[in-house]
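Undergrad: Quick one: dock chain against chain with the hints and give me the complex.
Keeping their order, the protein sequence lines are chains A and B.
If you read the first sequence in the working numbering, its first letter stands for residue 1, the second for the next number, and so on.
If you read the second sequence in the working numbering, its first letter stands for residue 1, the second for the next number, and so on.
Think of the hints as simulated: they come from the structure by calculation, not from any bench.
Honestly, I wouldn't trust all of these hints.
From the derived model, a few chain A residues whose C-beta atoms are all more than 10 Å from chain B [stated by the list, open to error]:
| id | residue |
| --- | --- |
| 1 | 15 |
| 2 | 22 |
| 3 | 52 |
| 4 | 87 |
| 5 | 113 |
What follows is a list of derived Cβ distance ranges for each label pair [as the list claims (entries may be wrong)]:
| id | chain 1 | residue 1 | chain 2 | residue 2 | range |
| --- | --- | --- | --- | --- | --- |
| 6 | B | 107 | A | 9 | 24 to 34 Å |
| 7 | B | 65 | A | 54 | 12 to 22 Å |
| 8 | B | 41 | A | 17 | 16 to 26 Å |
| 9 | B | 110 | A | 67 | 40 to 50 Å |
| 10 | A | 82 | B | 76 | 19 to 29 Å |
| 11 | B | 18 | A | 41 | 20 to 30 Å |
DSSO-like cross-link-like pairs, simulated, lysine-lysine; straight-line CA separation at most 30 Å [as the list claims (entries may be wrong)]:
| id | chain 1 | residue 1 | chain 2 | residue 2 |
| --- | --- | --- | --- | --- |
| 12 | B | 2 | B | 42 |
| 13 | A | 13 | B | 42 |
| 14 | B | 45 | A | 13 |
Here a beta-carbon is modelled for each residue, glycine too, at the ideal position from N, C-alpha and C.
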Amino acid sequence: ETGVTQSPTHLIKTRGQQVTLRCSSQSGHNTVSWYQQALGQGPQFIFQYYREEENGRGNFPPRFSGLQFPNYSSELNVNALELDDSALYLCASSPGTVPNSPLHFGNGTRLTVT
Amino acid sequence: RKEVEQDPGPFNVPEGATVAFNCTYSNSASQSFFWYRQDCRKEPKLLMSVYSSGNEDGRFTAQLNRASQYISLLIRDSKLSDSATYLCVVTLFPGNQFYFGTGTSLTVIP
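The following block holds chain B by itself, in its conformation from the complex (with noise of 0.2 Å):
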């Protein structure tokens, strides 16, 4: 079973919409979690840390359900330049391995 799960999409939407990603993650001793945002051919990039109350940073907010093991990325007001594949990504203390969903992949249409 693996470790972090997630929807490889595609994910078509267009500009302006409103998208969700969810992604869920089998080991409930889990520590840390995050997302990541990843261009084609290029490497991940920190996109925002993922905290127990739920988060926000402008147009992204992120949440974390410890008891149903899940996290959500939403996405308002998508722009083009979202268009990547986003990765959701947990840790387990104290060996601080990261494991990393396959992604999924969103292009924001004009």
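Excised from the complex, chain A in its bound form (with noise of 0.2 Å):
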């Protein structure tokens, strides 16, 4: 069974520049969701996706923003980038028929805003 993958691993940007993460879910699960987690912070919840629809947002602004994919992948993609975006994504996946089943991450994009 292959876990929950992301890409890339690491990512420094400048201030104003666009970025875009991705994710492939755990086999056999259809929802995606996204987290940020800054330094010394937990996980803050961005937006879920549940066959490929938003299914639920976080208090993040319009230019965070995600797609899922048919084979329920998913992207995150960040517009106008500021310094306190710096911060390790993690993207999960979880099976949504299953409600409240625990949440499985990918090893994260760790990005870097200068």
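TA: Laid out in structure tokens, this is it:
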């Protein structure tokens, strides 16, 4: 069984640029969630996708957007990067038909904005 | 007000000690509860789910007190490999959004 994979593992961008992060969900999982974890903080919910539709969103501005594809893989796009966007971005998948099942995270993408 | 509050620690304990972490949550409608473990610069990994009746997994015991809205994790006979950050997590149904605490740092000392 293939777990959640994310790419790239590290990324350095300049303020104002745009970034796309990618996630492949665990086999059999149709729900993907994205979280942002700043240094010293717990992960914060960005949004969730279920069957290619956004299914919940946390307190993040519209410049954070996403997509889910028919194979349930997902992208997180961040426009107009700010210094505070520097964080570990975590993708997690879950079987959408099982409410409240635990999240299984990928290794994360560490984004540094300079 | 944060959904989940944890004492950030750090907790520094000798090998073999017993250590307990507590976590409180603000929404009485919270449905599911978990403890995750996170090693430095790694992703969080599920340690255990927390059930209403309490549950044990080897040296780890989790308790839930719905009336007081807190969750606890007890680690017995601490090992050096237990050194990590422990994250308390709650969910609200039907959104299934996971709310994480800031984590409690544990260092087990030889």
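Undergrad: Look at each hint and say if it fits the structure.
TA: Results for each hint:
1. 15: holds, 23 Å
2. 22: holds, 15 Å
3. 52: holds, 17 Å
4. 87: holds, 12 Å
5. 113: holds, 18 Å
6. B/107 / A/9: 24 to 34 Å: holds, 26 Å
7. B/65 / A/54: 12 to 22 Å: violated, 35 Å
8. B/41 / A/17: 16 to 26 Å: Taking Cβ atoms as reference, residue 41 of chain B and residue 17 of chain A lie about 24 Å apart, which means the hint holds.
9. B/110 / A/67: 40 to 50 Å: Distance hint for residue 110 of chain B, residue 67 of chain A holds at roughly 48 Å.
10. A/82 / B/76: 19 to 29 Å: Given range 19 to 29 Å: violated, Cβ gap about 44 Å.
11. B/18 / A/41: 20 to 30 Å: holds, 28 Å
12. B/2 / B/42: holds, 24 Å
13. A/13 / B/42: holds, 21 Å
14. B/45 / A/13: holds, 28 Å
Comparing the model with each numbered hint stated earlier shows that hints 7 and 10 do not hold.
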